[in-house]
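Colleague: With the working numbering applied, the sequence shown covers 1421 to 2197.
Note that these hints are calculated values from the structure, not bench results.
Do not take every clue at face value.
[To be verified] DSS-like, lysine-lysine: derived pairs with alpha carbons at most 30 Å apart:
(1) Lys-1983 to Lys-1519
(2) Lys-1548 to Lys-1823
(3) Lys-2061 to Lys-2193
(4) Lys-1983 to Lys-1548
(5) Lys-1549 to Lys-2090
(6) Lys-1968 to Lys-1453
(7) Lys-2186 to Lys-2061
(8) Lys-1862 to Lys-1983
(9) Lys-1841 to Lys-1750
(10) Lys-1862 to Lys-1548
(11) Lys-2104 to Lys-2068
(12) Lys-1909 to Lys-1968
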Amino acid sequence: MKTYLILAASLLLSIDVWCQYTISGRILDAENKTALHHATIYLTELNKGTISDDNGQFNIRDVGNGSYRIQITYLGYQPVVQQVTIKGQDAKLEFNMEKAILDIGEVVVSSSYTNTQNENTVAVDVIKKSDMQRNGAFTVMDVINKVPGVDAVTTGPLVSRPVIRGLSSNRVLTVADGLRFETQQWDDEHGIGVNELGIDRVEIIKGPSSLLYGPEAMGGIVHFVDENPAAVGTTQGSILGSLYSNNIGAMTNFNLKGAKEHYNWGINVLGKLISDYYYNGYSFRVPNTRMLEYGAKGYIGLNRKWGSTRLTYLFNNAAYGILDGKDIVKDAEGNIINVDTAETEEIPFEVEAPFHMVTDHRINSKTILLLGGSKVELILGLQNNHRSEHEELIPQPGEKRNKEGYEYVGLNLMSGLYSLKWHLPAMGNFSTIIGSQGMYEKNTNSTKASTRLIPDATIMDAGFMAVTKYSINNFNFSAGGRYDARSLKTEAMQDSTSNFFAISRVYDNVSTSLGAEYNLKNRFILRSSFSTGYRSPNLNELMANGVKLESLRFEQGNINLNKEHNNEVDLSLTLAGKSLSLTVSGFINRITDYIYLTPTGTFDTTSSTTLPIAPVYEYRQNNATIFGGEGGLSIHPSGLKWFSYDIKAATLTARRDFDDSYLPMMPTNKIYNSITLRFDRFNKMTGVFVRVGTITALKQFKVAANELKTPSYTLVNFAVGATLNSFEMSLCANNLLDRAYLDNLSRFRAFDIYSPGRNISFSLKKYFGDHPKNKKI
């Protein structure tokens, strides 16, 4: 009898779990109670969304019992994120949305919990995909580096890596599709490796984030967040085309997605063709700084009452030209002369040796399982990054020039990754997550390559974390801890192209984080945090043993390097008023065993006679301290809602502790100014904006020994845009006055090659299908 009772109870419980319910509601303006139509409603756990109708009403059907986070977004209003619990009956809700004063209420996912920015103990900067179009950006990095405190190490305008508060390379983690993205990021010449394919926005956390994402997040993270699926019952899309004047380039991006009640799908296609860039008008073309890139990304998602799952695949292929030092010579007066004798075309597009060819394949699955008051999130990923460097072959007399050259370096990186998080049931005001992340990675050199810069190696990571958040009244507190272990093994390789011996290393670390926030009605927000991070030495720092042709130096690794570890304290304040808003933040970052590259004063005499004699550099480490801050003032008079003025600034100082000398390759202090005019409607056009801005980089005098100082400069930028029917247009002019300048983080600075001159871009985006913007005025 007892057995029958248990079976009956289990059956009743299972029926209750799989019952179908509906979340319905209405979205209103908090001030005048008018309905907001075409607001976006999204359920995170089901990866399912809809839009409100003309009366502001919406319905999300086929929802099972459980706890959900519902997101409401509407242009010009502060987003709303609310926890909704379904327990045996439908849910009827009403949302009153307040107009946005400052972008402090953005929905973010990078800080453990999906919530609005003003509920986080750590500030998160958000860059929308549309900002690329509105800023005339060549790549997504051109928008990321406009965030105060975020810069870029550049190799021309098309290859760059993020620098967060002075830290870059393996100290800044790139996250894509919810997992870390591995791209041989140990070399500044290797770009970030992620473009705008299928993304909705980029979220940036400044400061150690090892607690959430593991090793190599000492400086922070750059998180590429996927776009949400289409609203249920719709098929929508867009096609974007952009033209650039400076390097006679073009870009196109096609997007199509649809959704039914229980599944959704999407596809993105991207293509870029960009020639060499110019400065000083069109008087100087920088040789071989061109790019050809194409890629596609697709996904299919399924949602049921038990949760949701989504499978994503991405392919991307990019060829980047390499500036060759032999093409840059100076006349008797020291002026640079563009030789480039091998190039016959006036506007060259064909990528030819020397160049990098980078091919990426990524397949990811993300599954969310609802378990009553808790949920489990599992992300699995397989990544393949193939990078080859082709150098120029000098033809023999009478031979035709081989444009592909020969393979100088070939690297294949295969990575398998997982992320498992269990969001425990809420206990009073506590929200807790426990989880684990791990990675298996295999690096293999091409047998066809003539040189091996790093050895074949295997890396295994495993990490376990727990984080909790406590909210009461106007306060939010967070705390967490994490343990990581890494195993690194290299293979011995001794032949005519390399001289590596086998090593085996194990690194482990405990990371912690504490944070607090006081939020008074979103008008006064005070945050403070303490966090730690770490990273192990990368393969290049441990085992480098070869000539880098682009930098013309021989790099020597150091197998005795220890792991880096840092402790950072952050403090920030936000004041948001009806006509004026202020943000200010400061930090101090203490780094133990900071790894850096320094010249030895000797020259390499062991490499091939076909290579130039290069100075020898080796990796060393010492303790270091980086401190600084960012600030911003926004003036947006309540009586002039169409006008706003913004000024932002960032400052940073980085020193070695042992001799108080400056660290090399650090960002300059910068000031950003902009005046923006916005009009909801102008004649038949909507979303009209006009923006004029400047970026001022102060003189960089805080340089390391033997590092060049860089003069100050100011760039003037202009942009105008509008939407007409289903077309969205923008016209941008960057470096409007064609200022010749050297950026302190440009790798071309050693050649005295200036950054790009004036660039005028035009973008046109067409919406179609059921897209909310595909309408006539």
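Colleague: Each hint needs a verdict: does it hold in this structure or not?
Modeller: Hints, verified against the model:
Taking the CA atoms of Lys-1983 and Lys-1519, the gap is about 47 Å. The hint is violated against a cut of 30 Å. Restraint check for Lys-1548 and Lys-1823: not satisfied, since their Cα atoms lie roughly 39 Å apart, outside the 30 Å limit. With a C-alpha separation of about 23 Å, the suggested pairing of Lys-2061 with Lys-2193 holds against the 30 Å cut-off. Annotation: proposed proximity of Lys-1983 to Lys-1548 is violated, straight-line Cα distance about 35 Å (limit 30 Å).
The hinted pair formed by Lys-1549 and Lys-2090 meets the criterion: a straight-line CA distance of about 24 Å does not exceed 30 Å. For a cut-off of 30 Å, the pair hint linking Lys-1968 to Lys-1453 is broken: about 64 Å separates their Cα positions. As the CA atoms of Lys-2186 and Lys-2061 are separated by approximately 28 Å, the hinted pair is consistent with the 30 Å bound. At roughly 20 Å between alpha-carbon atoms, Lys-1862 and Lys-1983 fall within 30 Å of each other, so this suggested pair holds.
For the given pair, Lys-1841 sits about 58 Å from Lys-1750 by alpha-carbon distance, which is inconsistent with the 30 Å threshold. With a CA separation close to 34 Å, the supplied pair Lys-1862 and Lys-1548 exceeds the 30 Å bound. As the CA atoms of Lys-2104 and Lys-2068 are separated by approximately 34 Å, the hinted pair breaks the 30 Å bound. For the suggested pair Lys-1909 and Lys-1968, the alpha carbons sit about 23 Å apart, so the restraint of at most 30 Å is met.
Violation of the numbered hints given earlier is confined to hints 1, 2, 4, 6, 9, 10, 11; the remaining hints are satisfied by the structure.
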